[in-house]
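*Asks:* Protein sequence lines, in the order shown, are assigned to chains W and G.
Numbering-wise, our numbering comes out as the position in the first sequence, counting from 1, plus 533.
Numbering-wise, our numbering comes out as the position in the second sequence, counting from 1, plus 649.
These are calculated hints, taken from the structure and not from any lab test.
Do not take every clue at face value.
Stretches of chain W that chain G covers, calculated by requiring three or more beta carbons in the stretch to come under 8 Å of a beta carbon on chain G [claimed, not checked]:
no., stretch
1, 546-554
2, 561-572
3, 625-635
With beta-carbon atoms standing in for the labels, derived distance ranges [claimed, not checked]:
no., chain 1, residue 1, chain 2, residue 2, range
4, W, Thr716, G, Ile790, 52 to 60 Å
5, W, Glu696, G, Gly699, 54 to 62 Å
6, W, Glu577, G, Ala671, 50 to 58 Å
7, G, Pro732, W, Phe540, 14 to 22 Å
8, W, Thr716, G, Trp660, 18 to 26 Å
9, G, Trp660, W, Val700, 22 to 30 Å
10, W, Tyr554, G, Gly699, 52 to 60 Å
11, G, Pro798, W, Ile541, 30 to 38 Å
12, W, Arg787, G, Leu727, 21 to 29 Å
Ideal Cβ placement from N, Cα and C applies to all residues, glycine included.
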Amino acid sequence: MRNTARFIPAVYIFLLMTPIYWLINMSFKTTNEILGTFSLWPNEITFDNYITIFTDPTWYNGYFNSLSYVSINMVISVTVALPAAYAFSRYRFLGDKHLFFWLLTNRMAPPAVFALPFFQLYSAVNLFDTPLAVALAHCLFNIPLAVWILEGFMSGIPKELDETAYVDGYSFPRFFVRIFIPTIASGIGVALFFCFMFSWVELLLAKTLTSVSAKPIAATMTRTASSSGYELGLLAAAGTLTIIPGAFVIYFVRNYIAKGFALGRV
Amino acid sequence: MDRKTTHSKAWLFVLPVILLVAFNAVIPLMTVVNYSVQETFGNNVFFWEGVKWFEAILTSDRFHASLGRQMLFTTIILLIEIPLGVAIALTMPKKGVWVSVCLVFMAMPLLIPWNVVGAMWNIFALPDIGLLGRTINALGIDYNFTSQPVAAWFTIILMDVWHWTSLVVLLAYAGLNSIPDAYYQAAKIDGAKPWAVFRYIQLPKMKRVLTIAILLRFMDSFMIYTEPFVLTGGGPGNSTTFLSIDLVKIALGQFDLGPAAAMSLIYFLIVLLVSWLFYTLMMKDEAK
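Chain W extracted, bound-state conformation (with noise of 0.2 Å):
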């Protein structure tokens, strides 16, 4: 039994691999032999595909466009997320509980609900088809996740950490950077990676904000798909592409996922 079990997640990650091997294979195909011929390898490997992807503009701007406004993201989430959850962490202060909820409530809201009003907003604001629109956008959902995730991590710290440091005389700004920050590094990344995740694979709302200069890698391949009919080994490669900055990062965070999983409340 204990053998036999032990094959279970050899098969499942099997599983999950076959699909991808496929979109693998497909990129290094060209369209006559995709469409023309039925095998499990590339029996004449091309690279055009991917040459095609990294020697034109409209293609490699648009993993520009997309790795600039999940960083923005990123960042600006963690950034505002640090003093609000050690706020939920530590302090008891009115309609705590319900401000908590009421974050979590916008992690619950349907994007297509928001796209239309989002649309006006932003292009009301001037910020239509800029990265930051994206990246603000995207907020939405990802601020009250890491807050989600902070508060979770910070509220395993024991507050002696906090008190020692008053005592010690250290001001709060120096403590909650000097010692509070370092202390909590691995919560900042998990939630770093939870933003990178939801903002990176999103797609309603990037695509309903950007029309030219700030469209999404992931917009770029719809647009291919409908325009000029049916080049799916190219389609193929930018998919294949759009894999690689998510395994880079799940790769780096590897040690953390479990920890973060279980003391962060996500």
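Fit chain G to the given chain W structure using the hints.
*Replies:* Positioned in the frame of chain W, the structure of chain G alone reads:
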């Protein structure tokens, strides 16, 4: 919990968060409320309509149909993903290099942009060029998700299970890891069977993370838009038109702002109500 100090200036700490979230949440929400009670024929001229749109939506067959499909979808994926995720987490190793390998590979589907997930499953499941479609057809089953509603449902559910089961695995695994070894040793001394260990030690300890898993999966599956939109476009016919897809069709496709706004509010309230129930139950448990 009770070691918190009362501090009225704590509001200052929370202010940036409130301002940013309010900008993104309150202003758009008021816009939606505004549309939901008015009629427009263009040119920015609006007429007061009261609750007409709400009545129209609540009694429309179209809304009932997409709400029904949405609830069916969410129920099915919760029934599959939660037990499956727990089962996989139970079989995962506790220590060693293999843990990192498992975590990295399992988390991968979670970090793929949602439309890429849809596009990937499209070329994976197409009956002529996809591995899955070819395999199923080779087994003698007539399968084409672009024309058969049952096949479309099967594909979307399979895609969602592929996409999100790992989240449940990671959460359950974190819950299992927080159980001290002493519990297992005590169970061993008592001669507890694996089922008893699961029922009386592991399951209670996983309760909190599982509540979070169910809550997150409920919210996200109820809001699902991009993946089925890319995979099936809501079709064949309307068979996979879930709430968000229907909403975008009405709002941006037909530009019926009033009904779309009313539907948005009803939709949001449903998610809010169910999530609030979960949240209250969860907090009640934690307070104990």
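*Asks:* Tell me, which hint numbers fail for this structure?
*Replies:* none
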